[in-house]
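Chemist: Spelled out from the first residue to the last, the chains are:
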Amino acid sequence: AQSVTQLDSHVSVSEGTPVLLRCNYSSSYSPSLFWYVQHPNKGLQLLLKYTSAATLVKGINGFEAEFKKSETSFHLTKPSAHMSDAAEYFCVVSRGSARQLTFGSGTQLTVLP
Amino acid sequence: DTGVSQDPRHKITKRGQNVTFRCDPISEHNRLYWYRQTLGQGPEFLTYFQNEAQLEKSRLLSDRFSAERPKGSFSTLEIQRTEQGDSAMYLCASSSRLDLYEQYFGPGTRLTVT
Numbered sequence: 027a028q029s030v031t032q033l034d035s036h037v038s039v040s041e042g043t044p045v046l047l048r049c050n051y052s053s054s055y056s057p058s059l060f061w062y063v064q065h066p067n068k069g070l071q072l073l074l075k076y077t078s079a080a081t082l083v084k085g086i087n088g089f090e091a092e093f094k095k096s097e098t099s100f101h102l103t104k105p106s107a108h109m110s111d112a113a114e115y116f117c118v119v120s121r122g123s124a125r126q127l128t129f130g131s132g133t134q135l136t137v138l139p
Numbered sequence: 162d163t164g165v166s167q168d169p170r171h172k173i174t175k176r177g178q179n180v181t182f183r184c185d186p187i188s189e190h191n192r193l194y195w196y197r198q199t200l201g202q203g204p205e206f207l208t209y210f211q212n213e214a215q216l217e218k219s220r221l222l223s224d225r226f227s228a229e230r231p232k233g234s235f236s237t238l239e240i241q242r243t244e245q246g247d248s249a250m251y252l253c254a255s256s257s258r259l260d261l262y263e264q265y266f267g268p269g270t271r272l273t274v275t
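Residue numbers (my numbering), protein chains in the order written: chain A, 27 to 139; chain B, 162 to 275.
Some hints here could point you the wrong way.
Said to hold, decoys possible - Part of the chain B face toward chain A, derived, beta carbon under 8 Å:
| no. | residue |
| --- | --- |
| 1 | 194 |
| 2 | 203 |
| 3 | 209 |
| 4 | 235 |
| 5 | 247 |
| 6 | 263 |
| 7 | 267 |
| 8 | 269 |
Quick caveat, the hints were computed from the structure, so don't treat them as lab data. We put the CB at the ideal spot given by N, CA and C, even for glycine.
Let's have the full structure, built from the sequences with the hints guiding it.
Modeler: Structure, rendered in structure tokens:
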């Protein structure tokens, strides 16, 4: 079975400092992995996706993630946090012919001024 | 087209009542998904349609839940005899045959069962 584990339920950073949100995956074969962001009272938005192409994936708003098979990780990073980055972030794996998504439990990112 | 829409955005109902939610996907998207998100958790898959055919259902979808997509466009999710445990955000997503991996989510319907 395919699953993801988000290692931190809450992360706090200061504005302008780097962001690291950690995600490990479990999969019997090459997974399709995603990061989604959920702002309060807004729908889920896709940040980036990995589908077995380049292992370093660039997404929107300056975010990127690196697929590391040896570490079974897909951590999300951003060089410099902005106040508008404060939100809930979900690491997600796609499975099955229907491509249904299995979400991690989420990481709440707080950006301090 | 402005994206996936859901109606209503909020629903408060009494235990035992039936409720129905509607999802309008992006117009050219042939795949439609329903997910449920409870407080503090990530969304969980409920069911999936390709055009009008319901091809997969999660074990979370008890027999009190039914979903339809009659003409392969909008979809409805009905919950009969609601229970307090049904209180959650119900999310709809759609995807295109051109990019099966990217699902576009609606704003959700928040259900509160009192």
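Chemist: Hint by hint, note whether the structure agrees.
Modeler: Right, here's what the structure says about each hint:
1. 194: This interface hint holds because 6 Å falls under the 8 Å limit.
2. 203: 3 Å, holds
3. 209: Constraint on residue 209 (chain B) satisfied, holds at 4 Å.
4. 235: Violated, about 17 Å.
5. 247: 19 Å, violated
6. 263: Since chain A brings a Cβ to about 6 Å from residue 263 (chain B), closer than 8 Å, the hint holds.
7. 267: Result: holds, 6 Å to nearest chain A Cβ.
8. 269: Constraint on residue 269 (chain B) satisfied, holds at 7 Å.
Consistency note: the structure conflicts with the earlier hints numbered 4 and 5.
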